[in-house]
Each structure stands twice: as structure tokens, then as C-alpha cells.
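*Asks:* Residue-level listing of the chains:
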Amino acid sequence: DAGVIQSPRHEVTEMGQEVTLRCKPISGHNSLFWYRQTMMRGLELLIYFNNNVPIDDSGMPEDRFSAKMPNASFSTLKIQPSEPRDSAVYFCASSASGVGTEAFFGQGTRLTVV
Amino acid sequence: GQQLNQSPQSMFIQEGEDVSMNCTSSSIFNTWLWYKQEPGEGPVLLIALYKAGELTSNGRLTAQFGITRKDSFLNISASIPSDVGIYFCAGNSGNTPLVFGKGTRLSVIA
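Protein sequence lines, in the order shown, are assigned to chains A and B.
If you're matching positions, the first sequence starts at 1 in this note's numbering and goes up one per residue.
If you're matching positions, the second sequence starts at 1 in this note's numbering and goes up one per residue.
These aren't lab readings, by the way, just hints derived from the structure by calculation.
Be aware that a few hints might be false.
[As the list claims (entries may be wrong)] Result set (SDA-like, lysine to any residue): computed pairs, CA atoms no more than 25 Å apart in a straight line: (1) Lys102/B / Glu14/A; (2) Lys78/A / Glu44/A; (3) Lys51/B / His29/A; (4) Lys102/B / Arg9/A; (5) Lys102/B / Gln107/A; (6) Lys51/B / Ala96/A; (7) Lys24/A / Glu41/B; (8) Lys102/B / Pro70/A; (9) Lys70/B / His29/A; (10) Lys51/B / Ile109/B; (11) Lys102/B / Pro61/A.
[What the hints assert, rightly or not] Selected chain B positions facing chain A (in silico; Cβ < 7 Å): (12) Leu45; (13) Ala48; (14) Tyr50.
We put the beta carbon where it would ideally sit given N, CA and C, even for glycine.
Chain A on its own, in the form it takes in the complex (with noise of 0.2 Å):
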């Protein structure tokens, strides 16, 4: 069976440029997160999906950093304009039974923003 999987892998870009991050669910999972991780900081969720819909996007940084999910088996994160300190590595993860159940990983994308 196939992971979550997510795209591009490895993302290197300049300053003020536009950045998408993709993301592919498990088949049949109905919640999707999008975590950003570093070393000063570790996983921080950024936001979460259940049935498609945005239900808390707390964790989002700046209004720079946006997520869409316009079905059940893709979703986006965009950051414009990019930053340096937004380098790190982004990952999404995806539930079958809801928000609060185990969360299954993509491989994530690593940002660097130079």
C-alpha cells in the first residue's frame, strides 16, 4: 500500500519566491496535517484537515504560509513570499479515524531558502 506521499523531496529556492509543497493522503484517511520540523523547535503542526475542511490553522506562522486541500487526496502548502528562516523540513501526515488517532507520515520535503 502506498505511504502518504509528498513532493518535490528536496526544494532549494531564493528569497521572495513562491514555494508549494504537495501532499498525497493514505487512501481512505479523512484527516491531513501539515508539521514543519527544526532543530530549534521540533514538530509543530501547522494546521489540519478533517473531510477536507480547515479546522485549526493556529499553528500558521504568517499570513505568508497558506493550505488548501480541494479533495480528499490532495492538499497544499504555499509560502509567498518565502523566507530564509522558512527553510526546514515540511511534513504531511494523514489519520483514517479521525483527528485524534495515529498519524502516518510522508517523507517530507526539505526547504531551503536562500
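With the hints as your guide, set chain B onto chain A.
*Replies:* Using the frame of chain A, we list chain B on its own:
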């Protein structure tokens, strides 16, 4: 909000030794999970616990859901080099997203 305190932050052990790490929460949890993350990969679920006092094993790994529902531990017996990685505890107290600890970085010296 809910907070998790995971310890130790890092461990250096000899191959063959047993390892123990734990997490405590500021509030009662209904679920405790343990994940392992290897370099360049996402966290992978190792063990899930749903009941106070529950003790669950997965090969050389054993985890327990504390009786107070505010703590959990993970033990690894007879460590091997491929146990290297970062181990995260996670939990929650209802229909809310998982809260993650800061991780325990394990290094195994052959």
C-alpha cells in the same frame, strides 16, 4: 495547551545495552504513541497505546501507558546499530491532533 516533556534528549550507548526513555504530559492523555525517525525520513509509528497500564511489545521494543495517564516509557532491549535515530513520543486527550515530544536522539556505538 498540552505539553510533553521527553527525556533524555540524547543517549550514547554500546551495542547490546538496553535503553529506556520516557515522556510526561501536563494533562491526562487517552492515547500514547511512539515514533522513530531516521535521517532523511519521516517519523514511523512503532507502538500505539490506548489504555492506562497497557504494556505493548513490538520485537525488542516495549512501551507502557502509565497508570496516571500522564506518562509513558519506551524500552529497547539489546540495542543494535540500526536502532539509531530519533524517538518521539506523542499523545492526546481527545479528538485533537497529536502533541509531540522534542525527541530522544539515540546513538549506538558498535
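*Asks:* Are the Cα atoms of Lys78/A and Glu44/A separated by 25 Å or less?
*Replies:* holds, 16 Å
*Asks:* Using the nearest Cβ pair, does Ala48/B come within less than 7 Å of chain A?
*Replies:* This hint holds: Ala48/B lies near chain A, its Cβ roughly 6 Å from the closest one there, short of 7 Å.
*Asks:* Does His29/A sit within 25 Å of Lys70/B, going by the straight-line distance between their CA atoms?
*Replies:* Roughly 28 Å between the alpha carbons, so the hint for Lys70/B and His29/A is violated.
*Asks:* With a cut-off of 25 Å on the C-alpha distance, tell me whether Lys102/B and Gln107/A pass.
*Replies:* Holds, at about 19 Å.
*Asks:* Hey, Lys24/A versus Glu41/B, does the alpha-carbon distance stay inside 25 Å?
*Replies:* Since the Cα atoms of Lys24/A and Glu41/B sit roughly 16 Å apart, the hinted pair holds (cutoff 25 Å).
*Asks:* Check the hint pairing Lys51/B with Ile109/B against an upper bound of 25 Å on the C-alpha distance.
*Replies:* violated, 35 Å
*Asks:* Mind checking the alpha carbons of Lys102/B and Pro61/A for me, to see if they're no more than 25 Å apart?
*Replies:* holds, 19 Å
*Asks:* Against chain A, is Leu45/B within 7 Å by beta-carbon distance?
*Replies:* holds, 6 Å
*Asks:* Going straight from one Cα to the other, do Lys102/B and Arg9/A come out at no more than 25 Å?
*Replies:* At roughly 23 Å apart (the allowed maximum being 25 Å), Arg9/A and Lys102/B satisfy the hint.
*Asks:* Next pair to validate is Lys51/B with Ala96/A; report whether the Cα-Cα distance is within 25 Å.
*Replies:* Satisfied, since the Cα-Cα distance of roughly 19 Å is no more than 25 Å.
*Asks:* Would you mind confirming whether the straight-line C-alpha gap from Lys51/B to His29/A stays at or under 25 Å?
*Replies:* Between Lys51/B and His29/A the Cα gap is close to 23 Å, so the pair holds against 25 Å.
*Asks:* Lys102/B and Glu14/A: Cα distance at most 25 Å?
*Replies:* It is violated: about 30 Å lies between the C-alpha atoms, which goes past 25 Å.
In this structure, the hints that do not hold are numbers 1, 8, 9, 10, 14, in rising order.
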